[in-house]
Amino acid sequence: MIHARGLARTFDTKRGREKVAVNAVGGVDIDVEEGEIVGFLGPNGAGKTTTLRMLTTLLKPTSGTATVAGFDLAKEPIKVRQSIGYVSQSGSTAGIARAGEEIVDHALLYGISASRAERRGKELFDQLELDGMWQRQPKTMSGGQRRRLDIAMGLVHDPKLVFLDEPTTGLDPQARANLWVHISGLRTKLGSTIFLTTHYLDEADALCDRILVIDHGVIVASDTPDALKRQVAGDLIELVLADETQISLAASHLASLVDGSEADVNGRVVSMRVPSAGTELPALLRALDRAGVSLAAIEVRRPTLDDVFLTMTGRSLREDA
Amino acid sequence: MTFAFQTWVIFRRQMRLALRNPAWVIIGLAQPVLYLCLFGPLLKPLAAQIGTTNAYTFFVPGLLIQLGLFGALFAGFGLVSEWREGVIEAERVTPASRTALLLGRILRDISLLFAQGVILVALGFAFGMRGSIGGMLLGLILTMLLGGACSAASNALALTLKSEDALAPILNSIALPVLLLAGILLPISVATGAPQWLVTLSDFMPIKYLVDALRELFNGNIATITTMWGVLWTLVLFGLGLWFGTRTFRKDNA
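Residue numbers (our numbering), protein chains in the order written: chain X, 18 to 338; chain F, -2 to 251.
Looking at chain X on its own, in the form it has when it is part of the complex:
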């Protein structure tokens, strides 16, 4: 659905009197297959929006090629536009317009007849819980409603591929969770392929089949959320001991799971990261039991995408978010 090779974009800016070329995106390869939900994860300024604007024909790449929805980005931009939907972070409707009019006018620009546009628009309003809002002015809608209206605008021509730029930024937690349901519903109900950018880890985790991690204009990782977490950080096993004198015994058992590693000791807590806690735990527990180590509690922490990002880039996502 998307195949990009070496897609790059340089901006000229002035630093003092000097003209400097800034590499916003430095040659990314992206492959998205039909029916996938792919997340583009990275801190603000990493190049997410720039990449998205290139893929949606809004910005001309400085170099590189891409096929989007089956059409060459440079040679057939009109056909690309015909087949994709784009929901930008800045919105898509005038505050003083009427929601329904905006939907219909938008559809007309895609060459859809007015009657079909209205029917399709009303269907989308139903699906996106916007029923009764056809005559409403977008400025009177809540943040979540207005974002759903933007999604309806992006879907009115039934695109095969939908781009969502930071779909839940600025929404409250309930509105975000609600929007996630609608976004994953796009695939199950409409069979759309979805490419979204986010700087929220939980969002990428909850929605995406696959994540591309971008930092400083370069893709640093691409995998499923689980594989990314497994590959980089490993699971954290924490043993809370009932008897403090058994600490070194417990620590040596835990350390023996991974060659050449050492467990951290903190009071009555012994902890260490292992590649996969699920497969190690049964044997570890039996061994501890045989050695007579009594545990007050045991805790397993799966790595978060923040851990992944920290390991890969040396920075935390949250610092920038």
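Source of the hints: derived by calculation from the structure; they are not laboratory data.
Heads up, the beta-carbon is just placed ideally off N, CA and C, and yes, glycines get one too.
Treat the hints with care, as some may be off.
[What the hints assert, rightly or not] Simulated restraints, written as ranges between beta carbons of each label pair:
#1 X:GLY202 x F:ILE24: 43 to 49 Å
#2 F:ARG81 x X:ASP276: 53 to 59 Å
#3 X:THR328 x F:LEU173: 57 to 63 Å
#4 F:ARG13 x X:LYS206: 31 to 37 Å
#5 X:GLN154 x F:PHE201: 45 to 51 Å
#6 F:VAL233 x X:GLY331: 57 to 63 Å
Since chain X is already given, all that's left is putting chain F on it; use the hints.
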């Protein structure tokens, strides 16, 4: 057909929004009307000195040009706020022609200008202006073309700058010299006592030829050299504005 239809869709939407919040249309008209009411009476006793018999027949054509210039020149502000609401991007990601996106907006400004111009001329009549109706109609058409050129340039500038703060000083620094050098308020002519250097300077101001042409037209002098120069300059400005506007709107990274 598709292009015309897309232009129509954009135009209709823009008109709907403009009429839903007509404050700007009224504010745009307020300036020339204030000039007509508060400055016009001062010209009346000076009619002979500025080389005319009816001060209003002299003054209204200038105000019409002022309306065309300023109303349309500030259209770019609307575009910046549309940009901020994401509307421009949303339209640019559709297969619609990007020229149609501009043309629909220019047509909105020209239509509003027509309505404002008719009101202004009617008010002129109320104040005692007399002249050739046919000439006035032609004058109104020239004004609308000038407005179209200004609207195209202003929208293109706004799309490039995307900021009111950058747009305002540029437009103001264009508007004031134009207002003064085009002879909108008082004639710039050696015959009425203007110094030669100022007359020479104003000869480089294309809008002056439009103002002069409109004054001729209002007096019913349609086939004159002055009128011809006005028409010529209008067409040149219109062509330049449209060229600059479409070029900017079609650029891939604007």
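Results for each hint:
GLY202 (chain X) and ILE24 (chain F) have their C-beta atoms about 46 Å apart, which keeps the hinted 43 to 49 Å range intact. At about 58 Å, the beta-carbon gap between ARG81 (chain F) and ASP276 (chain X) stays in the expected band of 53 to 59 Å. A beta carbon spacing of about 60 Å between THR328 (chain X) and LEU173 (chain F) agrees with the range 57 to 63 Å that was offered as a hint. Range check, ARG13 (chain F) to LYS206 (chain X): about 32 Å between beta-carbon atoms, so the 31 to 37 Å window is met.
Our hint of 45 to 51 Å for GLN154 (chain X) and PHE201 (chain F) holds, since their Cβ atoms are close to 48 Å apart. Between VAL233 (chain F) and GLY331 (chain X) the beta carbons are some 59 Å apart, a value that agrees with the proposed interval 57 to 63 Å.
Violated hints for the displayed structure: none, as all numbered hints are satisfied.
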